[in-house]
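As given, the protein sequences belong to chains L and P, one line each in that order. Per our numbering, the first sequence starts with residue 1289, numbered consecutively. Per our numbering, the second sequence starts with residue 3, numbered consecutively.
Check before you lean on any hint, since a few could be wrong.
To be verified - Quick partial rundown of chain P residues pointing at chain L, CB under 7 Å, derived from the structure: (1) Phe-36; (2) Pro-70; (3) Ile-139.
Derived by calculation from the structure, the hints in this document are not laboratory data. In this text, a Cβ means the ideal position worked out from N, Cα and C, and glycines have one as well.
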Amino acid sequence: MKMNRFVVAAFFAFALLLAVSAFAGTGSKDSPAPAVTATSGGSTQDEDMRLEGEKRFRANCGRCHMAPPKFAPRMVATIVRHMRVRANITDEDRRQILRYMAQ
Amino acid sequence: MCRLVQWSRRIACACLVALFVMCGLALHAQDDGFKPVPILTGSAAYFTRVTGGQFQNTPSVSPLLLMPFGDKWLLEAKGNYSDTFAKEAGDNYYGSTTAYGLGYAQVDYITKYVTVTGGRFITPFNIYGERFGPNWIRALQISPLCSPLTSGSALGGMLHGGFPAGSENVNLNYAVYFSTNNTHHLLATDRSTGGRLGFFLPRQRVEFGASFQQVLQLDRPHSSGAYLLWQPYRAPLSVRSEYVRSSGTKGSGYWIESAYRLSQISPLRRLELVGRGQQFFAAANLSAATIKKLGAFGKDTTQADLGLNYYFRSDVRASLSYGRQFVLGTNTNTNLWTVGMTYRFLMPLGPTGRSM
């Protein structure tokens, strides 16, 4: 039947997409690429905190929509509070991501 | 009549004054040393849809106001406005219909484990309504067939939150809500209750969960659902899926969608490929009269959609999609095209601190 063939083709396309992604993944680790770039400097403690913030940003902020760029600190504070409500991110994620994005 | 006009003027003035006072208070909110500023955000979009040869052009705008207070409060209000210009096949006439409404208007009180929300909000059932409602976020503009199976908006209260569940690598998130019945044409909600429980594994970027909803009016249907999201770190891929089953005459359905960003191929790195497959199953043993009444929900339907999204920036996107819908038993196959642009705006309503 014509319809069945189309559905089979569509699901085959899905499977292909999944397979391609599994192989293509070897090159780059950060996907989707975070729009936020690192700012270096400060002590190792600062650096550790920045890395922790970046890790949490990458785990959370590109899941539902394209990861956003950095904004001015007071805007980040509102946005991250909104995402705590909307996306139910944890309090610790909110705190770390806020510091990281407001840097 | 004259008195009515006077009163509405007074109410409008009072609302304006209240808005200014709230803005003033909001500017003094605190958050870990950063004072959150009120924000006006939302999206504007223009889409052309061709459904089985019928054209629809729809410009739309959905503004969202975010007002933080103190270090625990947030007030959010979202409106929607759209105009649809439709053209029948073979006809030159474009009729226009305007639609507007209140997406949500809620107050949130945030604590470490519980956020208390009151007002009008999106029901926490599975993921599509809460996460992929805004058109700048959804990968395909056409909503899944099973979305209307559950009540989408609530007027009442909700308790929700997210916290680590004993381990760094498991975050639990939950929501329970209650909604009253409202028959206002712009704000209609059902009397209903329900909730959702989800687990997010940040190291794998996997989330899965289950939802339940019980409508407490008319034929009191209940729905249950499950969802899965996976975004591997190794590849720019997102896979998401939902399953919903409703009691009574409503039926069941599922969809699975994957989006692949071509970020490893430099000239195509802004392009995203999207595919979605879905099936809807009408409830069994429906009478001919019920099938007629249910319309689209009376027949088993299968649909596949393919789409392209081009990100000029993280907030400006052009989209194109093609889908084909098969309604079983009627031999009706429909082509569904969409093409358009979305723009997410974001502007502070006060001083923003150091600029980046």
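For this session: Let me know if the C-beta of Ile-139/P comes in closer than 7 Å to any C-beta of chain L, holds or violated.
Result: holds (4 Å)
Problem set entry | Phe-36/P as an interface hint toward chain L, with CB separation required under 7 Å | For Phe-36/P, the interface hint holds, since the closest Cβ of chain L sits about 4 Å away, which is under 7 Å.
Exercise. Minimum Cβ distance from Pro-70/P to chain L below 7 Å?
Worked result: Holds, because the Cβ-Cβ distance from Pro-70/P to chain L comes to roughly 5 Å (cut-off 7 Å).
Checked against the numbered hints listed earlier, the structure breaks none of them; every hint is satisfied.
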